[in-house]
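**Q** If you're matching them up, the sequences are chains A and B in order. Numbering follows my numbering, in which position 38 of the first sequence is assigned residue number 961; successive positions increment by one, without gaps. Numbering follows my numbering, in which position 80 of the second sequence is assigned residue number 1003; successive positions increment by one, without gaps.
Treat the hints with care, as some may be off.
Any copy, or any two copies together, can satisfy a pair, since identical chains are not distinguished.
Heads up, simulated DMTMM-like pairs for lysine to aspartate or glutamate below, C-alpha to C-alpha not over 20 Å straight-line [as the list claims (entries may be wrong)]:
{"id": "1", "residue 1": "Lys1049", "residue 2": "Glu1113"}
{"id": "2", "residue 1": "Lys1009", "residue 2": "Asp1081"}
{"id": "3", "residue 1": "Lys1132", "residue 2": "Glu1096"}
{"id": "4", "residue 1": "Lys1009", "residue 2": "Glu1094"}
{"id": "5", "residue 1": "Lys1091", "residue 2": "Asp1081"}
In short, the hints are calculated from the structure, not lab data.
Spelled out, the chains give:
2 protein chains.
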Amino acid sequence: MRTIKLTKRQEELIELVKANQPITSEQLADKLNITRAALRPDLAILTMSGILDARPKVGYFYSQKPTTSLIHDYIRNIKVLDIKSKPVTVSENYSVYDSIVTLFLNDVGTIFVESSGYLVGAVSRKDFLKTAIGSSDVHKVPVGVIMTRMPNIVTVKDTDTAYEAARKIIEHEVDSLPVIEVVKDELQKEHYKITGKVSKTTLTQLLVKLGESQG
Amino acid sequence: MRTIKLTKRQEELIELVKANQPITSEQLADKLNITRAALRPDLAILTMSGILDARPKVGYFYSQKPTTSLIHDYIRNIKVLDIKSKPVTVSENYSVYDSIVTLFLNDVGTIFVESSGYLVGAVSRKDFLKTAIGSSDVHKVPVGVIMTRMPNIVTVKDTDTAYEAARKIIEHEVDSLPVIEVVKDELQKEHYKITGKVSKTTLTQLLVKLGESQG
């Protein structure tokens, strides 16, 4: 996306028009202590972009039309496909203890659980911590017992936006979303294949990238 | 901040100029199948904003000057003060178990530890989980034993930017930063008072807000 950022002079003109409308280009030139000719390109940009209205023989008005929010558009244009990272998965019969070890070895916050190659569950650090301070033996309990099970897992697809992923994370109070692809087996039953994940970390990294990128 | 978003036609013109430079307005009008007069306002906007260069008797060139990234500016203008949330704190002699209970009751990911009203430590879910699967008795071990201790805690101040906070979270691989204020005691010794926190959740919420706000 490409945009034009207004100059200080253009911002100044908008403020002057807002405060004194209608105001002629002579009056504006006068207030800024420059010539009308020097003002012409700026006034042209402002009227052509719809920020100011020019009425012949009356002067310039500030147009009430809100300018589209670029930030809004920009963020809604980033796709899950562009930001997703690799998910860490274990199988359903892994013990809670082994799953926690997998979590630490991969330094992630959420583990996804697969069965026959399909996504069946998700376990967060919070879930693990709850089990770990409970009375059950983490070496014996399989992760399938404590995981959040499909269809109770909030998911996104490659074509969803980063904004949509962030909204789901906040709304459902989860740390991480599996990125899924719907596949059908021979019996036409639908399954989810996990192709990635989008976590609060992914989204924080996105914010850093947005703040870093120069144009 | 106010900006002009380019129209489809203007974007199209930039692409045509990039591919065919130098190109005259006649040639551009021809390619777009419209009149030169219809093209004039768009070409004026693009040259006045510095995206295109016009050389008399030669034609239009694409100017290499990068347009300032608005997103970049915007994100770097949001302050920690504007987004920080309430921190959850316990005192150093709390047991690990009681601290975990506090963590769950407040549904947060990191607990900060205070002593005499000053910040002395931080404990994340990961730290708690490590202790919980270890051999120590979480009911007996005080949180002060397992916490990350000052000065090893990464902090931010109210006047830092949200971008800076996000960068620190990613760089130091932490979930949450305490927002601190430096105070001096009677002996002129410096201490940190905790006034808030910025976490990956705070930053994900910010991303949602940026995606939602219309202008």
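**Q** All hints, please: hold or fail.
**A** Tested hints:
{"no.": "1", "hint": "Lys1049 / Glu1113", "verdict": "neither (29 Å within a copy, 35 Å between copies)"}
{"no.": "2", "hint": "Lys1009 / Asp1081", "verdict": "within (13 Å within a copy, 34 Å between copies)"}
{"no.": "3", "hint": "Lys1132 / Glu1096", "verdict": "between (24 Å within a copy, 16 Å between copies)"}
{"no.": "4", "hint": "Lys1009 / Glu1094", "verdict": "between (23 Å within a copy, 19 Å between copies)"}
{"no.": "5", "hint": "Lys1091 / Asp1081", "verdict": "within (14 Å within a copy, 28 Å between copies)"}
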